[in-house]
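The chain contents come next:
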Amino acid sequence: MTQITEYRVTDFDCPTCASNVERSLSRTDGVERVEVHYTTGRVEIEYDEDTVDPDAFERTISNQGYTPQPR
Amino acid sequence: MNLKRYVRKHRKPVVVAASGLLFAIGWGLGYFHDLDQISAALMILASIVGGYDVAKKAYYTLRSGTVGINSLVTLAAIGAIVIGEYWEAAAVVFLFSLGNYLEARTMGKTRSALEELLEMTPDTAIVRRNGEDVEVSAREVEPGETVVVKPGAKVPVDGEVTEGESAIDQAPVTGESAPVHKSAGDEVYAGTINQEGALEVVATGTGADTTLERIIRRVEEAQEAKAPTETIIERFARYYTPAIVVLAAGTYAYTGDAIVALTLLVIGCPGALVIGPPVSIVSAIGNAARSGVLMKGGEHLETAGKIDLVAFDKTGTLTKGETAVASVEGFGVESDEVLRYAAIAEKKSEHHLADAILEAARGEGGGTSAAHLTDGGTVVERPQIPDPDAFEVVAGKGVVAQYVDRRIVVGNRALLAERGIEVPTRVADHVREREEAGQTAVHVVLDGNVVGVVSLRDELRSAAADVVRALKDAGVRTVMLTGDNERTARAVAETIGIDDYRAALLPEEKQDAIESFQEEGHVVAMVGDGINDAPSLATADVGIAMGAAGTDTAIETADMALMADDLERIPYAVSLSKATRWNVTENVAIAVATVVLLLAGVFAGYVHMASGMLVHIGSVLLVILNGMRLLRY
Numbered sequence: 038m039t040q041i042t043e044y045r046v047t048d049f050d051c052p053t054c055a056s057n058v059e060r061s062l063s064r065t066d067g068v069e070r071v072e073v074h075y076t077t078g079r080v081e082i083e084y085d086e087d088t089v090d091p092d093a094f095e096r097t098i099s100n101q102g103y104t105p106q107p108r
Numbered sequence: 058m059n060l061k062r063y064v065r066k067h068r069k070p071v072v073v074a075a076s077g078l079l080f081a082i083g084w085g086l087g088y089f090h091d092l093d094q095i096s097a098a099l100m101i102l103a104s105i106v107g108g109y110d111v112a113k114k115a116y117y118t119l120r121s122g123t124v125g126i127n128s129l130v131t132l133a134a135i136g137a138i139v140i141g142e143y144w145e146a147a148a149v150v151f152l153f154s155l156g157n158y159l160e161a162r163t164m165g166k167t168r169s170a171l172e173e174l175l176e177m178t179p180d181t182a183i184v185r186r187n188g189e190d191v192e193v194s195a196r197e198v199e200p201g202e203t204v205v206v207k208p209g210a211k212v213p214v215d216g217e218v219t220e221g222e223s224a225i226d227q228a229p230v231t232g233e234s235a236p237v238h239k240s241a242g243d244e245v246y247a248g249t250i251n252q253e254g255a256l257e258v259v260a261t262g263t264g265a266d267t268t269l270e271r272i273i274r275r276v277e278e279a280q281e282a283k284a285p286t287e288t289i290i291e292r293f294a295r296y297y298t299p300a301i302v303v304l305a306a307g308t309y310a311y312t313g314d315a316i317v318a319l320t321l322l323v324i325g326c327p328g329a330l331v332i333g334p335p336v337s338i339v340s341a342i343g344n345a346a347r348s349g350v351l352m353k354g355g356e357h358l359e360t361a362g363k364i365d366l367v368a369f370d371k372t373g374t375l376t377k378g379e380t381a382v383a384s385v386e387g388f389g390v391e392s393d394e395v396l397r398y399a400a401i402a403e404k405k406s407e408h409h410l411a412d413a414i415l416e417a418a419r420g421e422g423g424g425t426s427a428a429h430l431t432d433g434g435t436v437v438e439r440p441q442i443p444d445p446d447a448f449e450v451v452a453g454k455g456v457v458a459q460y461v462d463r464r465i466v467v468g469n470r471a472l473l474a475e476r477g478i479e480v481p482t483r484v485a486d487h488v489r490e491r492e493e494a495g496q497t498a499v500h501v502v503l504d505g506n507v508v509g510v511v512s513l514r515d516e517l518r519s520a521a522a523d524v525v526r527a528l529k530d531a532g533v534r535t536v537m538l539t540g541d542n543e544r545t546a547r548a549v550a551e552t553i554g555i556d557d558y559r560a561a562l563l564p565e566e567k568q569d570a571i572e573s574f575q576e577e578g579h580v581v582a583m584v585g586d587g588i589n590d591a592p593s594l595a596t597a598d599v600g601i602a603m604g605a606a607g608t609d610t611a612i613e614t615a616d617m618a619l620m621a622d623d624l625e626r627i628p629y630a631v632s633l634s635k636a637t638r639w640n641v642t643e644n645v646a647i648a649v650a651t652v653v654l655l656l657a658g659v660f661a662g663y664v665h666m667a668s669g670m671l672v673h674i675g676s677v678l679l680v681i682l683n684g685m686r687l688l689r690y
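If you read the protein sequences in the order shown, they are chains A and B.
For the working numbering, count along the first sequence from 1 and bump the result up by 37.
For the working numbering, count along the second sequence from 1 and bump the result up by 57.
Hints are computed from structural coordinates only; laboratory data are not their basis.
Heads up, some of the hints might be wrong.
Claimed, not checked - Residues from chain B that face chain A, not an exhaustive set, calculated with beta carbons under 10 Å:
1) Val64
2) Gly122
3) Gly125
4) Gln280
5) Ala527
6) Lys529
7) Asp530
8) Arg534
9) Val536
10) Phe660
To be verified - Stretch by stretch, here's where chain A covers chain B in the computed footprint (C-beta under 8 Å, at least three residues):
11) 249-262
12) 539-550
Model, not experiment: these values are computed from the prediction.
In this text, a Cβ means the ideal position worked out from N, Cα and C, and glycines have one as well.
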């Protein structure tokens, strides 16, 4: 079933960094839609809960050097 | 708190400080020839400590197929270490991470305008349940429940006052500076502050369904919607960064000078260029939101910066929209009879003039009476207006109705001319006199004969003249669009000093008027009340809706919404937009000038890696601070 989860990331270095995070998240299996906004730091992910565990999103974001806070 | 937890919580500043400290010690030791190797080791360590996160980000960026700022810095630092320029490597990495840290801090401050709004919502509410006042989480209040709001407390829900009187500070929602008096029947918004007496409020909107929450969501969406300049620059940056890598490689191949090539990588970071426009726009949207102006995104803000003509709807925008009957004149028929027929004909109409006529008719007697209870329990006689048997609206002209065996026409000159109804000279004279006083006069016709004239007035907003003057001073042309006749329109236009007016317009003609201004080359803003002006608001380059706090429609349809019915916000919104446009241009200019100067400096041999990075960081902070000026505009 499709779920939506949101994080706030306030330590993006630049708009390009935010779009890189968006790209990595969108390549995760089971992710159907991702929006990452540099200005507000909002990360919205629509995913299939049977395919992917939301913990993977936090890992992807923190692996890139940013701190995700669940909303 | 133990050290490990502290470091994890404050990772960024700790890393920057550690890298800086190692760099400083290494630099100091570098002055002693015997300690050269220790100095070099410390410099490499400083580069590793400060550069670990940068390199990690670079790795992920490269893996996703792009070359970003982090990749350039990592490449430059590794290159510097390889050719033995340890000092440069450590300096570049330290300055870059310091810059990033400061950038994140200042961006956080820029975003805080929105967070201030978020903090406006109270956490708890006192709800009356089973006769007892209980404190619950504000989100748990159900619509229909009675909430008690004590003096000094924040209103926790959207609702209607049922008991008590007070002054409410509505600034968080509408931006109004003066408190608004509220008593039974008045609407209050979540997040506003009760200043005087206790109030009992029946909740109509709670939790995420309050006006303040909707505003916050809109502001957030607005900040996320990219302005055209941002999109262009981001697209440009995608090609620019790899181009810098190619330029650096080419320079190395041609000159064999590794330092110059690496310096190019460092100064090539498009930081200020990419970050400048969004900072300006986020600051402006945040500032506007706190002042009760909702901007629906960077795109509209950029367009609004080019506005050179503002078209105002008259009724409800330049006027208070509280139309009232000023006089009723009968010609061969008693005036209360005239009013009664007019009211029967208008009973099913939704026009604001109809409401005024019905209100006057109910208050002045005539017609079949019905008893109503007032609040005090006294029985008063109030006339009831019977329904017409048949009813037809002629848009922009009036109404035609059938009641028992009488045919009633209530409307303007155009409607009478269309129906071949003759207007006697004395009626025409009376109408002219009323119109010259700025009133709207409607004819009442019974079975083909004009039997009276109902004159209606709508008071001008006190701020109207000042607003028109302020816009003129800012070089903006002002035009009034109205369905009223020429004479009334002229009287209003002269009173408030508007540049031009278009009278007797049907709704679609207002839209045509906007299109004609656009064809003349104007960038047009239309100010209306958001519902009946929807086509004109949509056609204008920027649609500005007034009094949006009360209606969702206005927030949905307009590009910009004034939360309160406060005309004075319009010159502010227009000048803020113009200032934002300038600010974005300044930021782009600062960024481009920095890169050009640095490039020239590198090829002339004046700029090296560390100094290039310092100037680069300086330019990034400069554009952020410049953008943040808009927070205090």
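Checked hints:
About 14 Å separates the beta-carbon of valine 64(B) from the nearest beta-carbon of chain A, more than 10 Å, and the hint is not met. For glycine 122(B), the suggested interface contact is upheld, since its CB lies about 8 Å from the closest CB of chain A, less than 10 Å. Checking glycine 125(B) against chain A by beta carbon gives a least distance of about 5 Å; that is within 10 Å, so the hint holds. Interface hint at glutamine 280(B): satisfied, since its Cβ lies 5 Å from the closest Cβ of chain A, which is below the 10 Å cut-off.
With a cut of 10 Å, the hint placing alanine 527(B) at the interface with chain A is violated, because the nearest CB-to-CB distance is about 30 Å. For lysine 529(B), the interface hint is violated, the least distance from its beta-carbon to any beta-carbon of chain A being 34 Å, above 10 Å. Hint status for aspartate 530(B) relative to chain A: violated, with the closest Cβ pair at about 32 Å, above 10 Å. A cut of 10 Å between beta carbons decides the hint on arginine 534(B): the least distance to chain A is about 33 Å, and the hint is violated.
Here the hint on valine 536(B) is broken, as its CB sits about 35 Å from the closest CB of chain A, past 10 Å. Because the beta carbon of phenylalanine 660(B) sits about 26 Å from the nearest beta carbon in chain A, more than 10 Å, this interface hint is broken. Judged by the Cβ-Cβ criterion of 8 Å, the stretch 249-262 of chain B is not covered by chain A as claimed, because only 0 of its residues qualify and three are needed. Coverage of the stretch 539-550 of chain B by chain A is violated in this model, with 0 residues showing a Cβ closer than 8 Å to a Cβ of that chain against a need of three.
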